[in-house]
Amino acid sequence: MLISDIFEETFFAVLSNKVRSGLTALGIIIGIASVVTMISIGQGTAYDISTKIESLGSNLLTVSPGATKVIGMNAKSATGSADTLVIGDADAIEEKIQGIISVAPEVSSRQQVIIKGSNTNTNIYGVTETYPQVKNVEIELGTFITENNIRRTSKVAVLGPETRDNLFGIGVNPVGEIIRIGSLDFVVIGVTIAKGGSGFGSSDDLIYIPINTAQHYLTGSDSVNNINIQVEDEEKMTLVEEEITTLLLARHGISNIDDIDFNIMNQADILDTVSEIAGTMTLLLGAIAGISLLVGGIGIMNMMLTTVTERTREIGLRKALGAQNKDIILQFLSESVVLTFVGGVLGILLGWAASSFVMKISDTTTIITTWSIILSFGVSAFIGIVFGYYPARRAASFNPITALRYE
Amino acid sequence: MIECKNLTKIYKTGNTETRALWDVSFKIKEGEFVAIIGPSGSGKSTLMHMLGALDTPTSGEYFLDGNDVSNFSDDELAVIRKKKIGFVFQAFNLLPRASVLRNIYLPLVYEEIPREKRYEMADKALKNAGLDKEHYNHLSNQLSGGQMQRVAIARALVNNPALILADEPTGNLDSKTGEVILDTFKKLNKEGRTIILITHEKYIAEHADRVITIKDGEIENDSRKSNQKKIKNIKE
Ligand SMILES: Nc1ncnc2c1ncn2[C@@H]1O[C@H](COP(=O)(O)OP(=O)(O)OP(=O)(O)O)[C@@H](O)[C@H]1O
Ligand SMILES: [Mg+2]
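From first to last, the protein sequence lines are chains A and B. Quick note, the first sequence lines up with residues 1 to 407 if you use this note's numbering. Quick note, the second sequence lines up with residues 1001 to 1236 if you use this note's numbering.
Quick caveat, the hints were computed from the structure, so don't treat them as lab data. Idealized CB from N, CA, C, for every residue including glycine. A few of these clues could be false.
Now the in silico label distances, taken between C-beta atoms and shown as ranges [claimed, not checked]:
#: 1; chain 1: A; residue 1: Asn-399; chain 2: B; residue 2: Glu-1134; range: 54 to 64 Å
#: 2; chain 1: A; residue 1: Arg-393; chain 2: B; residue 2: Glu-1201; range: 40 to 50 Å
#: 3; chain 1: A; residue 1: Gly-22; chain 2: B; residue 2: Glu-1201; range: 46 to 56 Å
#: 4; chain 1: B; residue 1: Asp-1074; chain 2: A; residue 2: Ile-288; range: 36 to 46 Å
#: 5; chain 1: B; residue 1: Glu-1179; chain 2: A; residue 2: Ile-3; range: 41 to 51 Å
#: 6; chain 1: B; residue 1: Lys-1083; chain 2: A; residue 2: Ile-291; range: 47 to 57 Å
#: 7; chain 1: B; residue 1: Glu-1201; chain 2: A; residue 2: Glu-407; range: 23 to 33 Å
#: 8; chain 1: A; residue 1: Gly-22; chain 2: B; residue 2: Gly-1066; range: 29 to 39 Å
#: 9; chain 1: A; residue 1: Leu-2; chain 2: B; residue 2: Asp-1074; range: 37 to 47 Å
#: 10; chain 1: B; residue 1: Gly-1066; chain 2: A; residue 2: Glu-407; range: 32 to 42 Å
#: 11; chain 1: B; residue 1: Phe-1026; chain 2: A; residue 2: Leu-15; range: 40 to 50 Å
#: 12; chain 1: A; residue 1: Leu-15; chain 2: B; residue 2: Glu-1218; range: 44 to 54 Å
Given the sequences, and given the hints that come with them, work out the whole structure.
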């Protein structure tokens, strides 16, 4: 059989039963469209999360007090609850460790904030002038906390945009206003630019004050909650992490690594973990959508089996006129492949439209990647071949005489 | 061209065995016009399937142009059918919802004849079968019985087969159209093709040069034209 003949036969066969072909293709269209959409949502979410993490600063190591190592049955004190980390540790890291750009210790505490009549509860961060550089914070209005503010233990505050909106109203310039944090008055000197995101870990609803002001007036100790370290480049992160561990173990006088009283979070590790989770999620979404693709494939097989039975006499005739088994297999296989192929193309277009729609009506980013298109295309062709093969094989196995006699 | 040696076909249905053909032996030379006649259920169609390489015998040998076809595989039989044999089926067996031309192309499709050549070959075959050009693009189910029969004959001719097998080709036709079809077969025979015609009507068998009579799967009589009178006498 010539290729053009196979196409002609397929064309006539598919068009001779438009409704049935259409419904069968619809099964594949829906299957492929949902795979494409689900994967695009999975990919988009992964992208959202990793940009969010990267927006918190690049090549970041964060040292926090407490240990996460579990020894025997007893978990040691939970992260952040101990006050084993002090400002001196940050100074030592800055002085002694090579390959770092900047060190930014922070102290945080939740306090009531009051301005004439209105009050709110928010996180107060005691930070140094290096903080914006390390944690990617930018200023919208006024200035950030300066070295001078720290040296003088000034009572100045920089507001997150959401806090500003809550206290003063949306878009108002609060620079120069006085706010009361706890029992002390602070002068607002700046507002940061919104980073987006909400809920836990929001970097928009908070107030920055000089670190020693926070230690002196709010926490009353020289311990810190975190020390953020920006490393020169990604390759040095593991090495710097090890050096800091050694340095801090020595400073804290710990000889047995099991007694460690701090832990270091490596941003690269977090990104790895997150992309692993996002990959699993994408796979899961894709697999759920894949079930509908499987159902579509079964629809193809069902239709092809019906077609083969209906056309038994035709198959007998073709064989009597000299069609070999491969000719019959090719003819019926091409029918199912064409149906899945057309369904696949339309399904990709529909999936594309659906994921743009999802992006439009919700905050979720969706990303259609070439590989997801190639994958769904491959899968639909594969389904056409797999689910079309059995009916085609069956058609070819007919005995010409028995088939010609079939009523 | 054709040689059957002790051809036997036994159908098994459950525990019962049907001897459709029993120990049939004969030879047909190239260019002969042979009629196979016999009552219903005598095994004519079974014999035609054997001769047309549509089926293999239970035992015995069948030589077509010197090849022992009896143990060929399905695909090898298909090749023999497409290269050497033209069938006219009793029930026409045209592709429904397909044009006359597409029906006639069908054997050429499996021979992988280039598309440009097909029209030429189809035209020649349709002329031979006596179908008017105006019907070429009609759908096969829009034709009259006689026209369908011509299309079926044209399809049997299109690949220039050496052997034409026709099973009750006039069965559904009035006697006048039947005569025209038989004349067509005679003409094709004069062109040098071997023709085997299956029928259960004597007046049709008389058109052939040789008549093989079968009964209960066995050959009862095999006579040339010269002594056809004798058969008549025996029958009556
Ligand atoms: N596929 C089959 N399975 C079982 N028995 C069969 C099969 N085909 C034919 N037979 C039997 O073989 C015998 C010969 O059948 P065949 O079709 O060759 O008869 P025929 O001479 O062509 O009859 P008719 O003139 O009515 O067409 C019959 O008894 C029939 O029942
Ligand atoms: Mg018969």
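With 40 to 50 Å as the target window, see if B:Phe-1026 and A:Leu-15 comply at their CB atoms. holds, 48 Å
Next on the checklist: If I claimed the Cβ atoms of A:Leu-15 and B:Glu-1218 lie 44 to 54 Å apart, would that claim hold in this structure?
Outcome noted: Holds, at about 50 Å.
Q. Taking the beta carbons of A:Gly-22 and B:Gly-1066, is their distance inside 29 to 39 Å?
A. Given a distance of about 53 Å, which is not inside 29 to 39 Å, the answer is violated.
Fill in: Consistency of beta-carbon spacing, A:Ile-291 to B:Lys-1083, with hint 47 to 57 Å
Holds, at about 49 Å.
Practice item. Check the following: the C-beta atoms of B:Gly-1066 and A:Glu-407 are separated by a distance inside 32 to 42 Å. Key: Holds: the Cβ-Cβ distance is about 38 Å, inside 32 to 42 Å.
(request) Could you check the hint for me, namely that A:Asn-399 and B:Glu-1134 are 54 to 64 Å apart, CB to CB? (result) Violated - the Cβ-Cβ distance for A:Asn-399 and B:Glu-1134, about 38 Å, lies outside 54 to 64 Å.
ask   = Could one say that the CB atoms of A:Leu-2 and B:Asp-1074 fall in the range 37 to 47 Å?
value = Once the Cβ atoms are compared, 22 Å apart, the range 37 to 47 Å for B:Asp-1074 and A:Leu-2 is violated.
With 40 to 50 Å as the target window, see if A:Arg-393 and B:Glu-1201 comply at their CB atoms. Hint holds: Cβ distance 42 Å, inside 40 to 50 Å.
Cβ-Cβ distance between B:Asp-1074 and A:Ile-288: within 36 to 46 Å? Cβ of B:Asp-1074 to Cβ of A:Ile-288: about 44 Å, so the range 36 to 46 Å holds.
Taking 23 to 33 Å as the stated bounds, is the beta-carbon spacing between B:Glu-1201 and A:Glu-407 within them? With Cβ atoms ~25 Å apart, the hint holds.
With 41 to 51 Å as the target window, see if B:Glu-1179 and A:Ile-3 comply at their CB atoms. Given range 41 to 51 Å: holds, Cβ gap about 44 Å.
If I claimed the Cβ atoms of A:Gly-22 and B:Glu-1201 lie 46 to 56 Å apart, would that claim hold in this structure? Because 49 Å falls inside the window, the suggested range holds.
This entry does not satisfy hints 1, 8 and 9, going by the numbered hints stated previously.
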